[in-house]
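Asker: Now for the letters of each chain:
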Amino acid sequence: MRIDWFTFGAQIVNFLILVWLLKRFLYGPIITAMDQREKAFRDREKELAEAKLAADREAEEYRQKQQKMEHAREEQIAAAAREIDEWKREQTQLAREEIDQLRANWFRGIQLERASFIRELQQRTAHQIYRTTRQVLKELCDVSLEQQIITSFLERLDRISEVKRQQMAQSIRNDSEPILIESSMELTKETQDQIRSQISSFFAEAEARFDFQVVPALIGGIELQAAGHKIAWSLRETLEMLEEEFTRSLENAIPHDLQGNFEEVGRTT
Amino acid sequence: MSEISINPDLPLWPEGPLLVRLLNPAILFTWMVMFVLVVGSWLVTRKLESDTKISRAQNLLEVLVNMLRSQIREVSQQEPGSYLPFIGTLFLFVAMSNLMSILPGYVPPTGSLSTTAALATCVFIAVPIFGIASQGVSNYLQQYLKPSVFMLPFNIIGELSRTLALAVRLYGNMMSGSVIGMILLGFVPLFVPIVMQLFGLLTGMIQAYIFAVLAMVYIASATQVHQPDPPPDQQPGES
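Line order of the protein sequences matches chains A and B.
The letter at position 98 of the first sequence is residue 89 when you use our numbering, and the numbering goes up by one with no holes.
Counting the second sequence from 1 gives a position; our numbering is that position plus 26.
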């Protein structure tokens, strides 16, 4: 157990050289490499953190955008629903008005058709009554209907009050127009003379002029028109009663729920 | 032959020229260990990777360096930067010297009292160098006067004795392993020397660790800055 001083010194030198060499070839490069890696990790972590931050920020932005879009979509849906409701209401109103209009037109048409039908019926009925009455009178009493009508007309003339008669006579005298006698049938010469003489004597107007005209629409009637006065006899009254009765029967035949419409249309027209 | 094996300080060729006569196994195998360490390090560190994919050798060296740094940090409670080359080289040299004893014909340099004394002397010199570099000359020297000036001789004796202990501990452990191995080889030539060799490897690694850690403890005790004494009028605990 001795110390060799040369070995002692040499080993100190060897050790110091080894320290330098290892510092140069081992510790320095290894620590540098580890530091670089650690720095790379830190940089990467920092980048990741920044990327995560950016991603979070972006995600938040997208979330907000999505929420805005959701709101906008809900608002649009609500607006669309409102518009649809409004449109539906308008269309319903329009349809209702159109239906009302169509119904009114329809009822008006029906009303017109009914009036036309009644008028035509009245005409036909009048003709038929006239013809039937004429035939019955002829066969049973051997009496002319025309003659009876004229007789009735002249009797009605006679029943005019004195005051009225004077007024009419005065008017006829002042009027330059001839006395218009309208009848549904052609009057014979004798009949015309009879009427002329009777009216002239009735109004005490020997110079009175007469104008005889045939008007088929009068249907079994005769009318006197002079200076704004009118005296007539015809089947019209009878026919009007008949029409009234017929209308009542017709209305009874129409259902109750339609009668209001008829009445309403009748009011509007 | 057995004399050469257990005393690595004896010259290999006593009859040779002067320079050759000075060569002994301790120096020769020290160069060998240095060569292995330096060339091995150079081979690995010449193509280092800073990426995550690294070679196994680089990984081994990084683990080794990291372990050394963490041990230094743990023992000294300081950053290992300036201590790593010295302490790390101590550990690596002693460990490699002992580890290579598995090679046939190899005599560990640490079995030489001259080598261990040289290493202990390096520690003995490094302690005041690091201490003065850390605290300054006066602060460092004042440590020898604490707790009182009368302790100066004991502190100096303590410094010397622990250096001697460092050298002798390592030398004794390594030399004893070699001696026991040689003796057992004479008695039981098969199997038992292998077991003793394995024990020798374990002992060698432990001794390398102990040597490095003790060196670090000595340096750390010299470099730690002591807190200044509180003023006499301020009692401890007062703020």
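No lab work stands behind these hints, which were simulated from the structure alone.
Treat the hints loosely; a few may be bogus.
As the list claims (entries may be wrong) - Which bits of chain B does chain A cover? Going by a derived footprint, with three or more residues having C-beta under 8 Å, they are:
#1 70 to 77
#2 137 to 149
#3 158 to 170
#4 206 to 213
#5 221 to 235
Cβ coordinates follow ideal geometry from the N, Cα and C atoms, glycine included.
Asker: If a hint holds in the structure, say so; if it doesn't, say that too.
Answerer: Each hint tested on the structure:
For the stretch 70 to 77 of chain B, the assignment as covered by chain A holds, since 5 residues bring a beta-carbon within under 8 Å of that chain's beta-carbons and 3 suffice. Counting residues of the stretch 137 to 149 of chain B whose C-beta lies closer than 8 Å to any C-beta of chain A gives 9; at least three are required, and the coverage claim holds. Only residues whose beta carbon comes within less than 8 Å of a beta carbon in chain A count, and the stretch 158 to 170 of chain B has 0; fewer than three means the coverage is violated. Interface restraint, the stretch 206 to 213 of chain B with chain A: violated (0 residues with C-beta to C-beta distance below 8 Å; minimum three).
With 0 residues having a beta carbon nearer than 8 Å to a beta carbon of chain A, the stretch 221 to 235 of chain B misses the requirement of three or more and the stated coverage is violated.
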